Every structure is written in C-alpha cells, then in structure tokens.
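**Student:** Chains as they are written, first to last, in this note's numbering: chain A, 978 to 1201; chain B, 978 to 1201; chain C, 978 to 1201; chain D, 978 to 1201.
Keep in mind the hints are simulated off the structure, nothing from the lab.
Please read these numbers as outputs of a predicted model, since none were measured by experiment.
Worth double-checking, as some hints may not be accurate.
To be verified - To be clear about the criterion: a stretch of chain C counts as covered by chain D if any three or more of its residues have a C-beta under 8 angstroms from a C-beta of chain D, and this derived list gives those stretches:
{"id": "1", "segment": "998–1004"}
{"id": "2", "segment": "1028–1042"}
{"id": "3", "segment": "1047–1053"}
{"id": "4", "segment": "1099–1113"}
Said to hold, decoys possible - Quick look at which bits of chain B chain C covers, simulated, 3 or more residues with Cβ under 8 angstroms:
{"id": "5", "segment": "1068–1082"}
{"id": "6", "segment": "1097–1105"}
From the three backbone atoms N, C-alpha and C, an ideal C-beta is built for every residue, glycine too.
Given next are the chains, with one letter for each unit.
4 protein chains.
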Amino acid sequence: MAEEEAEAGKLRRQLRTARMEAFSDGIFTMACTLLVIDLAVPSGSTHLLHAVAGQWPSYLGYLVSFATIGAIWLAHSVITEYLDHASLWLMRLNLILMLSVTYLPFPTRLLAEYIREGDSERVATTLYGLSLLMTTALLYLFWRYAVHAGLVRPDADEADVQILTRRLTPGLIAYVALIVLGLVVPVAAVVGYLAIALYYLVPLGRARRRRHDRRATSDVPGAR
Amino acid sequence: MAEEEAEAGKLRRQLRTARMEAFSDGIFTMACTLLVIDLAVPSGSTHLLHAVAGQWPSYLGYLVSFATIGAIWLAHSVITEYLDHASLWLMRLNLILMLSVTYLPFPTRLLAEYIREGDSERVATTLYGLSLLMTTALLYLFWRYAVHAGLVRPDADEADVQILTRRLTPGLIAYVALIVLGLVVPVAAVVGYLAIALYYLVPLGRARRRRHDRRATSDVPGAR
Amino acid sequence: MAEEEAEAGKLRRQLRTARMEAFSDGIFTMACTLLVIDLAVPSGSTHLLHAVAGQWPSYLGYLVSFATIGAIWLAHSVITEYLDHASLWLMRLNLILMLSVTYLPFPTRLLAEYIREGDSERVATTLYGLSLLMTTALLYLFWRYAVHAGLVRPDADEADVQILTRRLTPGLIAYVALIVLGLVVPVAAVVGYLAIALYYLVPLGRARRRRHDRRATSDVPGAR
Amino acid sequence: MAEEEAEAGKLRRQLRTARMEAFSDGIFTMACTLLVIDLAVPSGSTHLLHAVAGQWPSYLGYLVSFATIGAIWLAHSVITEYLDHASLWLMRLNLILMLSVTYLPFPTRLLAEYIREGDSERVATTLYGLSLLMTTALLYLFWRYAVHAGLVRPDADEADVQILTRRLTPGLIAYVALIVLGLVVPVAAVVGYLAIALYYLVPLGRARRRRHDRRATSDVPGAR
Chain A
978 MAEEEAEAGK LRRQLRTARM EAFSDGIFTM ACTLLVIDLA VPSGSTHLLH AVAGQWPSYL
1038 GYLVSFATIG AIWLAHSVIT EYLDHASLWL MRLNLILMLS VTYLPFPTRL LAEYIREGDS
1098 ERVATTLYGL SLLMTTALLY LFWRYAVHAG LVRPDADEAD VQILTRRLTP GLIAYVALIV
1158 LGLVVPVAAV VGYLAIALYY LVPLGRARRR RHDRRATSDV PGAR
Chain B
978 MAEEEAEAGK LRRQLRTARM EAFSDGIFTM ACTLLVIDLA VPSGSTHLLH AVAGQWPSYL
1038 GYLVSFATIG AIWLAHSVIT EYLDHASLWL MRLNLILMLS VTYLPFPTRL LAEYIREGDS
1098 ERVATTLYGL SLLMTTALLY LFWRYAVHAG LVRPDADEAD VQILTRRLTP GLIAYVALIV
1158 LGLVVPVAAV VGYLAIALYY LVPLGRARRR RHDRRATSDV PGAR
Chain C
978 MAEEEAEAGK LRRQLRTARM EAFSDGIFTM ACTLLVIDLA VPSGSTHLLH AVAGQWPSYL
1038 GYLVSFATIG AIWLAHSVIT EYLDHASLWL MRLNLILMLS VTYLPFPTRL LAEYIREGDS
1098 ERVATTLYGL SLLMTTALLY LFWRYAVHAG LVRPDADEAD VQILTRRLTP GLIAYVALIV
1158 LGLVVPVAAV VGYLAIALYY LVPLGRARRR RHDRRATSDV PGAR
Chain D
978 MAEEEAEAGK LRRQLRTARM EAFSDGIFTM ACTLLVIDLA VPSGSTHLLH AVAGQWPSYL
1038 GYLVSFATIG AIWLAHSVIT EYLDHASLWL MRLNLILMLS VTYLPFPTRL LAEYIREGDS
1098 ERVATTLYGL SLLMTTALLY LFWRYAVHAG LVRPDADEAD VQILTRRLTP GLIAYVALIV
1158 LGLVVPVAAV VGYLAIALYY LVPLGRARRR RHDRRATSDV PGAR
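Input sequences plus hints: build the corresponding full structure.
**Tutor:** Written out as structure tokens, the structure is:
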C-alpha cells in the first residue's frame, strides 16, 4: 500500500515537473523563433547584398537575444535537473520568468529599429538591457527559491548548488553596469550583453560537467 | 500474460494523456507568445520613451491575457495530475478548450486597439470578457466531466477534488459581473480580469500544496 | 545480456516514436494557433461590433480548419497509440503529412479573403477543399502503411484496426463530393468540410472507447 | 544505495537529453511552420488562380526549406537515438545548430522574393545555399563531436556510426558545388538543394532500418 502510494506519488511528481518543463521549453523555443520573424526582407532592392548587410542591427539583436535565451534555457534545464519536485510557488515564479522571456522579442525589435537613431538609441538599448536584467534576476530568484524551499534533490552535491548560485550573481551586476554604459555607448552595451550570455553558457557547463564526471563513476554499478 | 497486457495498457494510457498534455502545452505556449507579436514597434519615433509608454493598453492586455492563460495552464496541469487516464470525450472537450485558448490573442488585440475609443471600447472590453468567461467555463466543464466520467485517479483525495471544483466556480460569477461593469467602466473590468487570473493562480496552490505535504509524508518509505 | 539488449531496444523504440509524436504535436499546435494570427483587427472602426461581425468568413475558416486539424491530431494520436514502434518510412510519410498540415493555414487565409468574391470564391474554396482532401488522404496512407508494415502492436485488436481503416475511407469520398459541390455553392462546401471534421472527431471515439472498456477489465490485475 | 544513486543518475541523464530534444523539436517545428506565414495571400485579385500560380517561387522555397529542415530533424533524431547521454558542449553545439535552423526562414523569404530579380536572384540563392550549408555543417559537427566525446551508447553498432558519418559528408560537398552553380543558374541550384534534402531523407533510413531489423531479432526475448 505504502509502496503503491509512493509509486503514484513519484509519477505525479514527474508529471508535474514535466508539465513545467514542457511549458517552459515551448516558451523558450517560441521566443527564439519569433526573433527571426523580425528580420524584414528588404523590398524591391536592386543591391540586395548591401540591403541585407545594412540590416546588421537586426542580426546583432537576433544574435544577442538568441544567445541570452539559449543561456537562460540551459541554466533553466540545469536547475530543473537539480529539482526533486516542483512546488506551486515555483511554478508561479516560473510563469513570471516565462512572461519576461516571451517579452524579450519586443525590446529586441525596438533595438533593431532604433540602434542608429540618436536619443531613441539610448532608450531602446536601456529598455533592452532592463529586460535582460529582469529575466536573469527572475531566473536567479527561481533558483534561490528552489534551494530555500528544499525542492533540490537530496542527492544533489552541495558544492554544485553553491557554484550555480555564485555563477548567477555576477551577471546581474554586469547587466547593471552595462545598462549605465549603454547611456553613453549603446552599441558597446549590446556587445556586452552578448558577452554575458556567452559567460552564462560556459561556466554552468563547468559545474555541470564536474557533476557528470562524478556521476559517471558513481553510476558504474547501474550503468545501463 | 495478464501482467504484460496490463503493462501495455498502462503504457498506452500514459501515452494518451501525454499526447493531450503535449498538444495542450503547445497551444498554451503559442497563445502566450503570440501576445507579444501584437506589441507594435512605434515607427520612426523621435520620443521613443513616450511612444512606448503610450502603448500601455497593449501591455495591459498582454499582462491580463498572459496571467489568464497562465492560470488556466496551471489549473489544467493540476487537473491532468488528478487524471488516471483520458477518455475520448475528455479529449474533445480539451480540443474545444484549446480552440478558445488559441482565440484569446484576437480579443486581446481588439482590446489594445480600441480601449480608448468611446463606444468601440465597450465592445472590445465585452468581447474580451466573454472570451475569458468562455475559456474558464470550458475549463470548468473539462474538470466536471473528468470527475463525473470517473477519470480521476482512485488515490485522489476527495477533499482536494471538491476544493478544485469550488475554486473554479466563483471565477465564473466574477467574470459575468465584470462584463456588466465593463459596459460602464471598461478599464476597471480589465483590471478585474487580472484580479481573477491572480485569484486562480493562488488558491489552486493551497489545494495543491496540502496534497503535496500529505504525499511528502506518505511517500517517505518509497522516496526515490 | 539479451534482456539488457531488449531493454535498450525498447528504450530506443519509445524514444523514436516519442520524437515523431513531439514533432507532430508541435506542427499540429502551430498550425492551430497560426490560424488566429489571420483574424485581422478592423482598424479605426467606429462600429466595431459590425466590423467584427463582418469578419464571419475568417471565423468560419478558423473554425473549420481548427476542427479539421483537431480531428487529424486526434486520429494521429489514436494511430500512434496502436504503434509498437515507428519505421523510417513511416517517419517520412509523417513528414509529408506534416508538410500538408503546416500548409493548411494558407488556403484558410485564401478562403477568408475571397469567400465573397465571385469567381475567386470558387477557386479559394476548391483549393481549400483540395488541401483538406490531401491532408486526410496522407493520414489514410500513414495508417495503411503502418498496418501493412506490421508496425501495429501485436496486442492491438484486429476489429479496432479495421474500424479505424473503415472510418478513414468515407471522409475521402465526401471531400471529393464537396469539392465538386463547392464549384456551385462554395459556402455549402465549407459547411460540409466542418461536418466531415466533426464526423472524424466522433466515430474514432467509438472505436477507441470500446478498446478502453475492454482494457479496463483486462487491466484489473495490473491496474496501478 | 549505489543502485539508488545510479537510478537517480539514469533519470537525470534521460531528463537532460529530453530537454535538449524538446527544445530542438520546438525549434524544428517552429521553423517549419513559420515558412507558411510567408506565403502571402494575393490581395483583391480577380484571377486568383493565376495569382496563386504566380507565387511558385514561394512554394518552391517552402518545399525546399521544409524538406531540408525535415531531413535535419530526421538525422537529429537518429543521432540522439545513438546518444547515451548529452554533455554540456553537445548542448552548446545544439544551441548553435538551432540558431541556424531558426535562421532558415529568413533566406527562404529572400529567395521567394528575389528569385526572378536579375542580380538579386544570385545574391538570394547564394545566401540561401550558404545557410543550408552552414546548418548541415553544424549537424555534421554535432554528430562528430558526440562520437569523439564518447557520448554514443555503448551498445551502438560501430558500422552504423560509420554509415551515419559517411552519409553526412557528401551533402556538404554537394552544397558547395550547388552554391557555385547557383551563381550561374540560380533555379537549378535551388532544385539541387531539394535533391540533397531528399538524399538525406533516404539513406539515413537504410542505415537505420538495418539497425531496426537487427534489433527486431535481438529483441525477441523482451519484445514489448
């Protein structure tokens, strides 16, 4: 009976995390692919190559936003791996995180449209930076909450949990610094945002690979 | 043989619910992300900040619709957790529910476009409210049908089932009241719709956490 | 060793079907949600209600296409339930089926745009009917191939397999008849397409519920 | 304890590959369905049939891109089947691969717009070919990395691994040849791109069916 209960409980737990992940993956992929809709085709151009090259701000925004969303997706999937199960508040935090992820294509469009337009350039870059900051801050909260609410799986390595927390912090400070820089040199800030995304894409890996190496050994007995 | 049969049967049952959930998650995420496509970039604006601020109705619609879809998604995933398996009629009800979820971005656009346009404002707000009411009513039917058709898993707590049913009811009444209010003070109605979404986002949680606490203890023996 | 092999084999088999289903569900949900993008918001209308009501062809197309895609999704998920595993040729047939599903929003737009435009009305209705016919024919081929290639799970009930095959046939004939009718009375044909979708949504259910009842009993021993 | 550890490890491993596959499938389906958005509805046409027929470049681009994305999806799902688990660098390579998949709808639009426009035709066809080449090259890297990093499941057949590698190579050379040809006869190059996609869709199948036959026998003991 107790086992049966537990069995059902485990199933439910997996389902619940599964739904949250499925919803999140859908949002992440949509946000990534919506970015390309905003790459406008130059109409009736006689020098197509120049016309396409002239769209570099759109490409830059596309690249930065894709890299950022990709980095957040990667961190999100690392975090959910550490989760033993979800809680309702975690799902709400996740919904707010997803709200800000779905919003990203809009400031990206603003940036692509106004990056060479004097004052508007500052506004667009700042709004863009604030959106990235908000999204990353929500990801940070998402992870911190999971840790404090004890949703992390018991067998998770304490060191990894701390590495993950430490990795997420500097990005927030960097975003604030770049938002300020963006008021003076907008393009530099945008390039900086790309750097942060790449920074996020890499170190998480280190934390993760370490886990994987350890597991690789600890798994030997049960390795399929 | 009987076990083998049952095994295959269980697998099929999971697959079927899985397909319904995958399809629903796809619809939910699409509906959420389509909302941002409708945030138009002000073209060639010299005061971008004012131009963007002037789009507040679009942001309001985006927020209310996202919160509503998020709340419905959360309720939907709570409901499917209670399901032992799906039935064909449940899948049909789900298809109709999804039809009305995919429709939401349209009244949202209407609202954003006409919220400051005299009579049209009333029409847009009313159509918007009716769409939200319809979607929530279909969710209510979806859950009621699942209960009556005996699709709820045997180990589900009767109290939870009743809590869920009770939680879904008041929202319907509130929507009707707000639709009427919307004929007089449209914006107030829209704010009210946001309140309902938040109301749905929270109490379901209470019902759910209670289950979780109980399970947390009952699971101890079989905890992963 | 043999068991281990089999275990891995089973896992691979599930994964493969899983990918095909995930891809298909993504296509189905996208096709459904793209339909709503084409519901244009009447711009600067003073009689919004009339303007919205005047869009009935868009709503009709939206409804018929959603119902058809929903019916095909339902049939597709019934079919994949009968599958023991996928084969590469089945995945190719599935890709072609998905190609025609993703195409549906286009003739739907044509229909909405031209349904009241004399000769163009006939063209739009015919193209629309041909697209629906093609999609259903491909679904029929998908199922027939699966049966002939012996991909159906051994424990599937022969009677169900035949019911499913029989159910898919009449729709094809009905589409041909309606396409011809559409050359004379376009709107009548469109209503007929809706009827076919509803016809598909129901009988598959009967075939399926029967299976479920049987299983429900046969499962008793292993019912979780 | 060790078993428990291993169990958890195995679960995590599946989850991780699952997230990468879910994200990829989302990108693939989005890229496929975005293609149809670009099939513009001829506005207010009196000879709709001619107007629609005149859009053949859009259809050609739609078909070639869908076939290419479909072929890459099929290869991607074959590859992930061979994977025992993912590594962080594999997920990064996958993100870059997905970046180039999401980009494909843009050169497809360029092609549809400019295929009959003199010099611009050459530019559009070349950009299109380069995008297809880049995507296929990234898929090749993705697979090569997986093999070298030892992520392929131990029970994978060495012969299959080599077949898969060999199959992916000629396509790259063919793309380079067609890009050059495209500078002279653009349309011929586009038709060639379709041929490559079909070439990819088929031989992978041969490699794969062989595996399947073998498994079919080796599975007998544990079949379903």
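**Student:** Are the hints correct? Go through all of them and say.
**Tutor:** Hint check results:
| no. | hint | in the structure |
| --- | --- | --- |
| 1 | 998–1004 | holds (count 4) |
| 2 | 1028–1042 | violated (count 0) |
| 3 | 1047–1053 | violated (count 0) |
| 4 | 1099–1113 | holds (count 3) |
| 5 | 1068–1082 | holds (count 8) |
| 6 | 1097–1105 | holds (count 4) |
Of the numbered hints stated above, those contradicted by the structure are hints 2 and 3, listed in ascending order.
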